[in-house]
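> Protein chains in written order, with this note's numbering: chain B, 699 to 837; chain W, 699 to 837; chain Y, 699 to 837; chain V, 699 to 837.
Think of the hints as simulated: they come from the structure by calculation, not from any bench. Careful, some of the hints might be misleading.
Since the list gives no way to pick out one identical chain from another, each pair is judged satisfied if it fits inside one copy or across any two copies.
Think about it this way: if two alpha-carbon atoms lie no more than 16 Å apart in a straight line, the pair counts; the simulated EDC-like pairs of lysine to aspartate or glutamate are [what the hints assert, rightly or not]:
| hint | residue 1 | residue 2 |
| --- | --- | --- |
| 1 | 744 | 769 |
| 2 | 775 | 747 |
| 3 | 818 | 792 |
| 4 | 805 | 757 |
| 5 | 761 | 797 |
| 6 | 812 | 797 |
| 7 | 761 | 784 |
| 8 | 744 | 817 |
| 9 | 818 | 747 |
| 10 | 775 | 817 |
| 11 | 744 | 780 |
| 12 | 744 | 790 |
| 13 | 818 | 783 |
Number of protein chains: 4
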Amino acid sequence: MFITETQIRVRYAETDQMNVVYYGNYAQYFEVARAESIRNLGFTYKQMEAAGVMMPVVEMQTKFLRPAHYDDLLTIKTILRELPEDHRILFEHEVYNQEKKLLTLGKVILYFVKIGSFEKTRMPESLRTLLQRFFPLKS
Amino acid sequence: MFITETQIRVRYAETDQMNVVYYGNYAQYFEVARAESIRNLGFTYKQMEAAGVMMPVVEMQTKFLRPAHYDDLLTIKTILRELPEDHRILFEHEVYNQEKKLLTLGKVILYFVKIGSFEKTRMPESLRTLLQRFFPLKS
Amino acid sequence: MFITETQIRVRYAETDQMNVVYYGNYAQYFEVARAESIRNLGFTYKQMEAAGVMMPVVEMQTKFLRPAHYDDLLTIKTILRELPEDHRILFEHEVYNQEKKLLTLGKVILYFVKIGSFEKTRMPESLRTLLQRFFPLKS
Amino acid sequence: MFITETQIRVRYAETDQMNVVYYGNYAQYFEVARAESIRNLGFTYKQMEAAGVMMPVVEMQTKFLRPAHYDDLLTIKTILRELPEDHRILFEHEVYNQEKKLLTLGKVILYFVKIGSFEKTRMPESLRTLLQRFFPLKS
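Construct all of the structure, not just a fragment, from the sequences and the given hints.
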């Protein structure tokens, strides 16, 4: 299992007139958290695209338990439970505020596809190698 | 069952460097489609808030089947299958492009809550009355 | 002079906790207004990009006179006072609400550049031809 | 003169199909930079709103010199040249990328107004006191 944590400060732009973070903005928070998760490994999503592979989102589930507010310092936990065996990868996200309250739960499924053709492919070997040590071999 | 259709033109701002609509923007499309759905009944979400009731989103599921592109004229179908009996309402959304291809599927659950206290409440009677004719009495 | 009008309904996502449209969202409104302005001529910005020319914004000025609110039906007036002679084009925008109050003034300067090289170029001839009749010859 | 620097990592959501940061997103970057500028003083914009004063933007000027790209680590310099004497405050912003190239210039004028009435007011004394030491007395 590979778990990372990223902090995001809520911007004024991200609130709406309900005085909370607009529900559509969590997708951005999840994106940032995924990008920082990979950066922690010493790889970047930018490098992946430069190498011809991109990761469109194909499915997202979100549960909004409590609202986030302007200027909250959110902690986004990103969890990769399984090392993907094919073109599909599932990230889970948990959003906490500075009082350690759980605000939001997210599940995001992405595909590895080739830039240009949109053809399904696998996780780049360089990233797989970096992730391997978090997933001890099953016997 | 209450079904409406709304059209949205994809803005340049809504695309990302994958040359498609960023996945986080569909939440906005669903919001617009819900608002227009209610407006079709002769009621507005703005009126609901003015009457002291607001509708935070508590759950969202989205499946991204095909990408939307800049300047696409999307049709968002909004489906209300059941008249809510309590504080909870479920809208389903289907996004089609101008070639009638199904791009995206969404399910959004919202609560009716009182502004200020965030206390759960029921759909305002004036809206329920307008919706009733789409939901013949079960016997 | 070439003047067009476009209507935009304010989305909930576009408000912030000040209960008004977030100031950063007017850039999107101006973008939509420019795109619709060109569409009125029988040409689209999408076609321009397909023909290898794109239009990055190089300068923007905005004055916020009165706030816009959720669900307001805005009218964006787009004014092209001069037919560009080189790579530079200036659009002026005026945003009105449904009570015909002037809310916002904008000036946006864009360049015509070649996709790929970012090299400055001129307005495509096909668009110039369509615009010509709004700009009688000076003598 | 009061100068601060804030870093912002470009999100994927903030790019558009031109492969650069959408021009409308700089307003958010400026907002974050202003908020962090004030936080550096030991005060927050959130506290200001809690004390009944808010700061709507009334004017913005932006020059886009070079594009920002996905994953760029931007440095936003925020400059307050004069301590405001009335309801009006002017911030200047300079956006640099990780190669220290100047990308964008911004000027943003905001008003201090009372929440609720939108009546013009002055900068809260607590903030003025914190700023004073950066502005030696003229004689």
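> For each hint, tell me whether it holds in the structure or not.
Against the structure, the hints come out as follows:
1. 744 / 769: between (28 Å within a copy, 7 Å between copies)
2. 775 / 747: neither (24 Å within a copy, 30 Å between copies)
3. 818 / 792: neither (28 Å within a copy, 24 Å between copies)
4. 805 / 757: both (8 Å within a copy, 12 Å between copies)
5. 761 / 797: neither (19 Å within a copy, 32 Å between copies)
6. 812 / 797: So residue 812 and residue 797 fail the 16 Å test inside a copy (41 Å) and across (25 Å) alike.
7. 761 / 784: Neither, since 27 Å and 19 Å both go past 16 Å.
8. 744 / 817: neither (19 Å within a copy, 25 Å between copies)
9. 818 / 747: The answer is within: 14 Å in one copy meets 16 Å, while 27 Å across copies does not.
10. 775 / 817: neither (30 Å within a copy, 29 Å between copies)
11. 744 / 780: neither (22 Å within a copy, 40 Å between copies)
12. 744 / 790: neither (21 Å within a copy, 30 Å between copies)
13. 818 / 783: Answer is within: at 13 Å inside a copy they meet the 16 Å cutoff, but 44 Å across does not.
Hint compliance for this structure: hints 2, 3, 5, 6, 7, 8, 10, 11, 12 are not met, and every other hint is.
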